[in-house]
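Engineer: Chain residues, written in single-letter form:
Number of protein chains: 2
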Amino acid sequence: MRKVNVGVIGFGTIGTGVVRALKERRSLIAKRSGIDLVLKKICDKDLSRRRGFSVKNALLTRDYQDITNDESIDIIVELVGGIHPAKEIIIEALKKGKHVVTANKALLAEYGQELFKLAFRLKKNIYFEASVGGGIPIIQSLREGLISNRFEAIYGIVNGTSNFILTQMCEKSVSFKEALVEAQKRGFAEKKPTLDIEGFDSAHKLVVLTQLAFGKFVRLEDVFVEGISRISLDDIKYATEMGLVIKLLAIVKNEKDELELRVHPTLIPEGHLLASVDGAFNAIYVASDMVGDLLLYGPGAGQNPTASSVVSDIVSLAEKLDIDGNSQQFNFVQSPHIRRLRKIDQISTRFYIRFMAIDKPGVLAKIAGILGKYGISIASVSQKERRRARIVPVVIITHEARERSMRLALERINKLAIVRESVAIRMEET
Amino acid sequence: MRKVNVGVIGFGTIGTGVVRALKERRSLIAKRSGIDLVLKKICDKDLSRRRGFSVKNALLTRDYQDITNDESIDIIVELVGGIHPAKEIIIEALKKGKHVVTANKALLAEYGQELFKLAFRLKKNIYFEASVGGGIPIIQSLREGLISNRFEAIYGIVNGTSNFILTQMCEKSVSFKEALVEAQKRGFAEKKPTLDIEGFDSAHKLVVLTQLAFGKFVRLEDVFVEGISRISLDDIKYATEMGLVIKLLAIVKNEKDELELRVHPTLIPEGHLLASVDGAFNAIYVASDMVGDLLLYGPGAGQNPTASSVVSDIVSLAEKLDIDGNSQQFNFVQSPHIRRLRKIDQISTRFYIRFMAIDKPGVLAKIAGILGKYGISIASVSQKERRRARIVPVVIITHEARERSMRLALERINKLAIVRESVAIRMEET
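Listed in order, the protein sequences are those of chains Y and E.
Letter by letter, the first sequence follows residues 33 to 462 of my numbering.
Letter by letter, the second sequence follows residues 33 to 462 of my numbering.
Don't read these hints as lab results, they were simulated from the structure.
Check each hint, because a few of them may be wrong.
When chains are identical, the list treats them as one kind, so a pair holds in a single copy or across two.
As the list claims (entries may be wrong) - For lysine-lysine, the following BS3-like pairs were computed, each having C-alpha atoms within a straight-line distance of at most 30 Å:
# : residue 1 : residue 2
1 : K63       : K285
2 : K55       : K285
3 : K149      : K63
4 : K224      : K269
5 : K63       : K155
6 : K288      : K63
Model the full assembly from the supplied sequences, consistent with the hints where possible.
Structural biologist: The following block contains the structure:
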């Protein structure tokens with residue numbers, strides 16, 4: 033049986049899951065794939081921490097160059113996370129003739145172009161199944177399962193923390209803050225949750241998905257990002273009344289060969305499959321020209337699901353290695369179709385808008401008048417009853433409207449003395 | 033760029049989609065995969081039919097041996113369907129040193145063991161993504177994405193015809209027959225729909241999935257099969273009232289290293305993701321030990337989705353070919369874990385039972401008495417009101433009960449003079 037030697041750099045949560053799987057499932061994997069994966073070395077700065085199982089001392093090192101310099105190693109798994117030294121490790125590994133497996137979405141979002149181009153030049157591959165959607169085989173599906181497809185759009189719930197919080201708010205009728213605390217208690221949110229709740233983690237993953245599906249390198253700055261921290265329980269309740277659900281979606285759409293890239297809370301119909309994705313789960317909806325609609329759902333994080341994806345990358349790479357250690361390469365086609373990226377101002381969606389307005393005659397006429405002036409037409413209005421309240425919520429659903437028009441209209445409306453607050457949430461029907 | 037030569041046998045609906053994709057997307061596929069797929073020959077008995085695009089005459093043949101005997105061809109695509117001569121074509125192709133791609137679930141369900149063993153002995157692969165779930169990359173996900181996982185259960189909506197009919201009944205409040213006619217009108221059901229509506233097509237697919245996931249060759253006869261033709265609109269309505277949905281599920285479960293294999297109409301909670309799978313769509317729910325819950329959803333049939341899966345198999349095989357035309361092989365591990373297959377009588381589920389009974393005192397006591405005698409305990413009962421009716425429906429939900437006990441109890445109950453009809457539908461909570 034063919035042996036393929038593997039080195040793991042980063043022996044934290046995911047690394048521990050990967051090492052355990054390589055140890056305990058070596059024979060299962062060998063039987064299924066015909067490849068004997070040999071774990072040659074593990075690197076981490078902290079070698080004293082307990083991992084729940086024993087690893088031979090000879091396998092362990094604190095110096096990652098013990099792995100990148102080991103000529104017998106074919107595949108290096110980078111699970112250090114963060115930008116530095118993860119980037120340097122991957123570059124060195126590629127230059128030393130190794131293929132690379134990584135779960136590092138932040139690095140791929142920021143330096144993907146540089147890394148993938150280097151890998152391509154050196155005839156090596158970087159595989160990254162675990163960087164998006166945890167245990168969901170979304171990357172392989174896009175890269176191989178749908179290889180003959182042109183992609184039209186991807187809608188993803190790719191941040192489990194945010195989805196858990198929104199689900200809690202909806203099911204338990206609690207505020208954003210209470211739901212966040214609960215998420216932190218259960219280990220679904222970090223102490224500093226900004227990356228997750230403000231949409232940046234989703235944006236990282238969106239960049240990775242976009243590069244793969246649309247063959248275009250995009251930057252984080254090309255993604256419009258809005259998080260969920262300003263979503264109120266009221267808006268969730270009004271949405272529910274209208275048969276809608278609020279999800280933090282990462283969206284990329286090809287509209288007439290222009291790409292839209294955005295992450296924001298989004299109202300979708302409750303009958304939509306993405307609306308049923310609850311708790312810390314992830315799901316990615318892909319529209320492509322041959323297959324049509326495809327949805328993949330599963331755990332977006334966690335030691336074992338993520339380790340499962342890392343190991344599947346190792347096997348996939350190993351299967352493709354020839355005797356010289358080279359392999360067929362997936363190429364990020366620079367799509368000649370994509371003419372440009374749309375700025376957020378040029379994008380159109382339907383909107384849910386909630387105004388807190390003083391309850392007196394003529395309020396609605398004033399608001400509607402301004403919307404009309406900016407070419408925004410109203411699909412429905414409801415004034416939510418509040419007993420003896422001086423300030424009442426007015427909820428408006430618009431037809432499709434330009435972002436720029438909406439922004440300008442809201443600026444005008446917010447200046448009205450009768451309006452105390454306004455909230456706008458984009459809608460998607462797909 | 034490496035060239036890989038492909039021959040297509042069977043130029044019908046799917047074959048036409050495959051040939052079109054290979055023609056029109058050759059450069060897209062080559063850019064992405066680094067492999068130039070060359071369509072060398074196409075075989076069909078009927079070469080005169082219009083396919084909507086032109087194919088060079090030199091490519092066409094009526095004799096499949098022109099393809100199996102062509103030494104330059106690396107991969108043969110079998111899209112003839114049915115058992116004969118599809119089986120002979122695949123055997124001949126393997127013996128002549130070709131890898132094989134097929135969409136033929138009936139053949140794989142019946143002769144998979146023989147074919148896969150032959151392929152393994154000859155160091156060739158048979159790929160079959162298109163045999164289950166049309167455009168959904170379920171086979172690759174099980175084979176590669178989840179390669180380090182042990183599987184616990186698979187629940188699939190894998191027959192679009194049945195799912196379309198059940199969805200129509202539910203949404204339009206029409207009878208099974210009316211829904212079937214509508215499905216036939218729209219091209220979702222064949223004139224002779226038995227294979228689809230009686231569950232046999234789902235059983236074929238279940239056998240294919242089971243072999244792959246559980247590493248055990250099973251026969252069609254090992255699958256308990258019950259179709260949807262006896263599902264009444266009343267049962268769908270009562271289910272809806274209880275927050276349940278009826279789906280035709282193909283189920284394989286590993287219960288203490290014993291496999292359960294069954295296809296039957298199943299009541300599931302409306303909040304379950306599978307409950308939202310409507311119309312002709314398919315979805316496969318997979319529970320495995322590292323990833324946990326995974327669901328893949330997409331089109332279960334159709335020319336382009338199925339062709340997409342076939343082409344992805346061709347590329348996956350091509351990527352793994354070495355210069356001798358051999359490749360790494362997926363092996364169906366004969367799982368030493370699976371001790372035996374459970375017969376349907378030994379399986380336990382919860383049940384929905386509906387009796388049509390004469391409306392007089394003591395009816396329920398009699399029915400409940402018999403159920404109790406067979407150790408079946410009742411979770412809830414409701415007698416559906418029917419104005420001035422002499423015969424009324426009584427709906428009972430049981431706790432988990434053995435199939436055998438249920439069968440015997442129903443036999444007894446059906447003999448009661450007060451009972452005119454009984455219907456039992458299994459439930460799953462997962």
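Engineer: Which holds for K149 with K63 at a C-alpha limit of 30 Å: within a copy, between copies, both or neither?
Structural biologist: between (34 Å within a copy, 14 Å between copies)
Engineer: Within, between, both or neither: how does the pair K63, K155 come out at a Cα-Cα threshold of 30 Å?
Structural biologist: both (28 Å within a copy, 14 Å between copies)
Engineer: Give the relationship of K63 and K285 under a CA distance limit of 30 Å: within one copy only, between copies only, both, or neither.
Structural biologist: between (41 Å within a copy, 22 Å between copies)
Engineer: At most 30 Å between alpha carbons: which applies to K55 and K285, within, between, both or neither?
Structural biologist: Answer is between; shortest inter-copy Cα gap is 26 Å, intra-copy 42 Å.
Engineer: Evaluate K224 and K269 at a C-alpha cut-off of 30 Å and name the case that applies: within, between, both or neither.
Structural biologist: within (27 Å within a copy, 49 Å between copies)
Engineer: At most 30 Å between C-alpha atoms: does K288 with K63 qualify within a copy, between copies, both, or neither?
Structural biologist: between (47 Å within a copy, 22 Å between copies)
Taken one by one, the earlier hints all hold for this structure without exception.
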